[in-house]
Amino acid sequence: MSKVKRQSPEGRARQLTTAEGLSLPLTIASRSARAGALLLDLALMIVAVILFLIAAIAIGVGTFSVGEGAAPGIELLAVIVLLFLFFARFGYFLWFELGPRGATPGKRALGIRVVARGGGRLTAEAVIARNLLRDVEVFIPVMLLITGQAAGGVINLLLFAWLAIFLLFPCFNRDNLRAGDLVAGTWVVETDRRKLPDAMSVSAQGVPAATVTPAYQFGDAELSVYGEHELQVLESVLRNNQPEAMRKVMDAICIKIGWTSGAGDERAFLEAFYAALRARLERNMRFGNRKKDKFS
Amino acid sequence: MALFPFFGRAEDISPPDIEAASLRSDRFRLERETDWRRLEAIVVALEKGRPRRISDDDLLALPVLYRQAASSLAVARETTLDAGTLGYLESLVRRAWFQIYGPRDGFPGWFRRFLAGGWSEAVRALWLEICIALAVMVAGTMVGWLLVARDVEWYHRLIPGEMSSGRAPGATREALAASLSGQNDAEGLTVFATYLFSNNSAVSILAFALGFAFGIPTVLLLVYNTAVLGAMMWLFVDAGLGWEFAAWLSIHGTTELLAILLAGAAGLHIGRSMAFPGSQSVLVAAESSGRRAATVMVGVVVMLAIAGLLEGYARQLLQPAPARAAVGSMMLLFWITYFTVLRRRSATIA
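Quick mapping for you: the protein sequence lines, in order, are chains Z and U.
Under the UniProt record's numbering, the first sequence has 129 at position 129, and the numbering climbs by one with no breaks.
Under the UniProt record's numbering, the second sequence has 149 at position 149, and the numbering climbs by one with no breaks.
What the hints contain is simulated information worked out from the structure, not anything from laboratory work.
Hints may contain errors.
Derived lysine to any residue pairs resembling SDA-like cross-links, with alpha carbons at most 20 Å apart [to be verified]:
#	chain 1	residue 1	chain 2	residue 2
1	Z	Lys291	U	Gly84
2	Z	Lys291	U	Val75
3	Z	Lys195	U	Gly84
Far from chain Z, some chain U residues (derived; all Cβ distances over 10 Å) [claimed, not checked]:
#	residue
4	Leu62
5	Arg67
6	Trp110
7	Leu115
8	Trp127
9	Ala293
10	Ala321
Covered stretches of chain Z, going by a simulated chain U footprint (3 or more residues, C-beta under 8 Å) [unchecked claim]:
#	region
11	84–97
12	230–239
Quick caveat, the model's predicted, so the values are computed rather than measured.
In this text, a Cβ means the ideal position worked out from N, Cα and C, and glycines have one as well.
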């Protein structure tokens, strides 16, 4: 527990069971992504506050120079500034995390969002709870640091150590939960937007690749050397469409299955091999035999 | 095609030539691709916060499309080895799930349900902690009173000089009475009210958030703040101004002290459920209590806003002690009625 380890992407993988009984893979956001998102949000807030104060002072100076009758204006301005600071502190995270993206601008920039931990709905109460605790976790330590109150005195030092525990809380649990996440029942996960790639067994002309190129025929012995992992590597090579990479892969396959490789027809060869291998593996899969990789 | 977002209209997309695929799993995919893209378009519109751009047909079809995509994913996991399609489907179902199970109606809608019963219900659920916090606050007041009654020096330790603003032992009765009367003009009161509101809210939120540490810091904070109150009470009663002080305090104090009581109770609620989770796991206990306490805390901020207005305006503008006491007890009566009587009309609120 006491040792803080860097987590691999596999270590951050979680399964979430939806109401339909479907298990959805999720990836917990890394601590660095969350820290980065927080710093971005804080920077945004500070910039907004500074801009607002400059604007307020500019307006204040403008009305003040008019003379005696300007006092109510100044008063109104002071109220607006106080309210703005209050809502910047408590409302910024709340507002954005209650939106449809469940993420502040900083979180969005780093591709992460807030989700309910149990697989239920993310409720407003949960978002409020996690952001009220943020006050002790983030704002008070930051203010102590800025005002330098933590510099002297045993009590201040103790206080600071106490707050550091909050700040470092995500480092001491597997799911990178901060205290607010724990209390609210939320966690922060990665979001990704993927595009649907083209179907592999349809060639660009809309004619089945396998029927066009009967030049390559593979037997059972040749197809049985590879498994699902190799198939997916081959898929990514074909999707990337790099001639040198395809050349290398073709050579490797030919050595493995005992063919002599030719030149100039790599893509057609690999497409045919891919289609044949996938057809075979998927057929076996329907019968319940899965072949993970070439070693199994 | 990627340049124009397609909103569910299939004619934008040329229907895939299913027969062109040689693999059975690719034919499976091509048959369903149009629906997946339609779902994706709806999800993108929802993510951008523009649900009005979605046509009625699409909105009605959303649950069906989501379930279709989810079952496609379940089938695809068992039948296809196309990593690209599987990855896309997983990401699509996940995004649709985030939208369907995401925050339902933003802050305004939640706030409306909160005022119409969610708040008072959460407060009632905290009755035990409210009793504990009340006992702590009464004890804190008594401690403050007794300490100062035995040794006046304690007054200066509890209340630093700049905070007391002339209300210190040794001050004349006239000076103390003057400190209770407000100014008659409203100049500067708005700023004062706003300052009180934001300062008090920050302190209450601190009291709540510290409840995470099994409630101990919350209790300390409550004791300290009420000890100050007790000390001040002693000072004014000693000078024979007990009634005036009570009236001066009650006009906003009934609301403010009640808010502090609720904030402390909310903090204690989290601390208690984490220290004694009962038959649940600590995580589950912390979660349900955290959500309930958060609801109460929003209410605390609302109450402190009202208390700030009362303190900043009503107290300074209303001079006679009976009027102040009347407003204070009216507010107390209002809150108690609101918290005990108001119930949710139905169980439709999730």
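Violated constraints from the hint list, given by number and in increasing order: The structure breaks hints 5, 6 and 9; every other hint is satisfied.
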